[in-house]
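Visitor: Here is what each chain is made of, one letter per residue.
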Amino acid sequence: MNVLIIAARELRSLFLSPLAWTVLAVVQFILAWLFLIQLDQFAALQPQLAAQPGAPGLTDLVVAPLFASAATVLLLVAPLLTMRAMSEERRQNTLTLLFSMPLSMTEIVLGKYLGLLALFGVMLTMIVLMPLSLLLGATLDFGQLAAGVLGLVLLMASYAAVGLYVSTLTHHPGVAAVGSFGILLLLSLLDWRGAGGLFGYLSLSRHYEALLKGVFDSSDVIYYLLLTVVFLTLAVRRLDGERLHR
Amino acid sequence: MATWASDVTGSLIRVEHVWRYYGAACALSDVSFEVGRGEVLGFLGPNGAGKSTTMNILTGNLAPARGRVWIAGVDLLDEPRRAKRALGYLPEHPPLYRELTVDEYLRYCGRLHGLRGDALRRALDLAKQRCGLTAAGQRLIGNLSKGYQQRVGLAQALLHEPPVLILDEPAVGLDPLQMREMRALIRELGRERAVILSSHVLPEVQAACDRVLIIHQGRIMLSDSVQGLAQRMHASSLRVAFRNAPPPEALSALAGVQRAERVDEQAFRIYFAPPHSPADAIMARAAEQGWGLIELTPERVTLEEVFMHITREESAP
Numbered sequence: 001m002n003v004l005i006i007a008a009r010e011l012r013s014l015f016l017s018p019l020a021w022t023v024l025a026v027v028q029f030i031l032a033w034l035f036l037i038q039l040d041q042f043a044a045l046q047p048q049l050a051a052q053p054g055a056p057g058l059t060d061l062v063v064a065p066l067f068a069s070a071a072t073v074l075l076l077v078a079p080l081l082t083m084r085a086m087s088e089e090r091r092q093n094t095l096t097l098l099f100s101m102p103l104s105m106t107e108i109v110l111g112k113y114l115g116l117l118a119l120f121g122v123m124l125t126m127i128v129l130m131p132l133s134l135l136l137g138a139t140l141d142f143g144q145l146a147a148g149v150l151g152l153v154l155l156m157a158s159y160a161a162v163g164l165y166v167s168t169l170t171h172h173p174g175v176a177a178v179g180s181f182g183i184l185l186l187l188s189l190l191d192w193r194g195a196g197g198l199f200g201y202l203s204l205s206r207h208y209e210a211l212l213k214g215v216f217d218s219s220d221v222i223y224y225l226l227l228t229v230v231f232l233t234l235a236v237r238r239l240d241g242e243r244l245h246r
Numbered sequence: 001m002a003t004w005a006s007d008v009t010g011s012l013i014r015v016e017h018v019w020r021y022y023g024a025a026c027a028l029s030d031v032s033f034e035v036g037r038g039e040v041l042g043f044l045g046p047n048g049a050g051k052s053t054t055m056n057i058l059t060g061n062l063a064p065a066r067g068r069v070w071i072a073g074v075d076l077l078d079e080p081r082r083a084k085r086a087l088g089y090l091p092e093h094p095p096l097y098r099e100l101t102v103d104e105y106l107r108y109c110g111r112l113h114g115l116r117g118d119a120l121r122r123a124l125d126l127a128k129q130r131c132g133l134t135a136a137g138q139r140l141i142g143n144l145s146k147g148y149q150q151r152v153g154l155a156q157a158l159l160h161e162p163p164v165l166i167l168d169e170p171a172v173g174l175d176p177l178q179m180r181e182m183r184a185l186i187r188e189l190g191r192e193r194a195v196i197l198s199s200h201v202l203p204e205v206q207a208a209c210d211r212v213l214i215i216h217q218g219r220i221m222l223s224d225s226v227q228g229l230a231q232r233m234h235a236s237s238l239r240v241a242f243r244n245a246p247p248p249e250a251l252s253a254l255a256g257v258q259r260a261e262r263v264d265e266q267a268f269r270i271y272f273a274p275p276h277s278p279a280d281a282i283m284a285r286a287a288e289q290g291w292g293l294i295e296l297t298p299e300r301v302t303l304e305e306v307f308m309h310i311t312r313e314e315s316a317p
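Top line first, the protein sequences correspond to chains A and B. Using the working numbering, read the first sequence as starting at 1 and increasing by one per residue. Using the working numbering, read the second sequence as starting at 1 and increasing by one per residue.
Mixed in with the good hints, there may be bad ones.
[Stated by the list, open to error] Listed next, the stretches of chain A that the computed footprint assigns to chain B, with coverage defined by at least 3 CB atoms under 8 Å from CB atoms of chain B:
hint	stretch
1	4–10
2	13–26
3	47–54
In case anyone wonders, no lab produced these hints; they're calculated from the structure. For clarity, every value in this text was computed on a predicted model and none was experimentally measured. Glycine is no exception: its CB is placed at the ideal position from the N, C-alpha and C atoms.
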């Protein structure tokens, strides 16, 4: 219950600042632009595709690239949405308020996290509405679409967890933004130029690509969930450590 | 320092042998005290003495390196959640969400303290009324003046009617009128609660508190009633001024005067050994000689002087 109270307050504060609105608008505009270009190309190619049996369809050529671009755009804007989560509480001294309330650290972190997820949920809905609008005149591969949406959800969940953790480390939203952007970019680039082995496996983007192709592998899902849990635990530990002696 | 009685049936706040370090620096050493119901304890000390550290420990914002804390009979370290229910805290900088309105903010705090529905509405109205915020409910906290923000912080602390109130420098940033209101409110709140109030301003503590704890370099130097403190602080100088100022020698010759020092054309500072004030003698002589006495004020002992006095006493063998 306390978690929901904190989450509701967090969401409200996010939407009371122009930042969330601006980010939502910019993301929507850019992705809509990319979506339209993809759609245009698909329309031009369609006569040839129709002639080939087993050719890639609308979902492959329009929806998957849209979600791939969404991941890149999110990498840039997610740190902006998460940067203030804890650093703002620290700056306004409201962390003291939360610490002296009958709350556990886990409740505080989960509340903040849920608030952030709700904002990402709004963004997700607006992104998914674009491919869904195609249903007015075409059919989609719902299995692949669902896998893509799941991938985007998981990606957002892990971005938010990383951002929340980094934001517990500092007073300065700017520092939090740069820090979480750095971590996210590094995690995405781990499999750069096809690096294999452990590093390749740890890469954020590799697991996402599989889901975009419509391949549902539970290990990909577990990877994101694990990443989320690890960073949320780090955030709880970090807040707990604040009370102890340094 | 005196060791405190360990029988604690009546005390709402009990602190026993608390230590705290910042790195290698010892911020609190062996701090023990208790506060009972109906008592307002003034926590007095220069900046950096350990007042805020103590308050942060009492409210669970910092963990002590050693020692124990009980709030309303519950061990704060073992059962933080239950202990914190009994706690209202106004930190040095009021913890406010500037983007919310006063009502939204207080409702948020009330919900986190487990208040719902009717109980929440009643608590909100009472807290706003007590802190003079009735008309400010719809205003954005960020747009309020410092004094009003302080009131919102206080309203947050007493919203859930906690038996223990901890107020860190509640009068900072208030104008003299608001300060008086704040003192009266603290007095009233202290009647059925245990209140700790920190300050580095002596008159504030004298006006609002029953008992005073002086903390200096992380140690409790003195624990006394406000009257007791006042006795320790007998002024040992007078400021006098005359229309026709006599030579200083004429003043130092008076009975009880240790030394007379010229401040300016008309004013002198007269030192004496308390409690034998030479005020009577000066008045009588001034009338007799036609000096034209225009000012006679016992000089206030500053907090720094009290500290120096007490620290000297402490270090004396």
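Visitor: None of the hints should be skipped; say for each whether it holds.
Guide: Taking the hints in turn, this is what the structure says about them:
1. Taking a C-beta to C-beta cut-off of 8 Å, the stretch 4–10 of chain A contributes 3 residues in contact with chain B, enough for the three needed, and the coverage statement holds.
2. Beta-carbon proximity to chain B at under 8 Å applies to 3 residues in the stretch 13–26 of chain A; the threshold of 3 is reached and the given coverage holds.
3. With 0 residues having a beta carbon nearer than 8 Å to a beta carbon of chain B, the stretch 47–54 of chain A misses the requirement of three or more and the stated coverage is violated.
When held up to the earlier numbered hints, the structure conflicts with hint 3 and nothing else.
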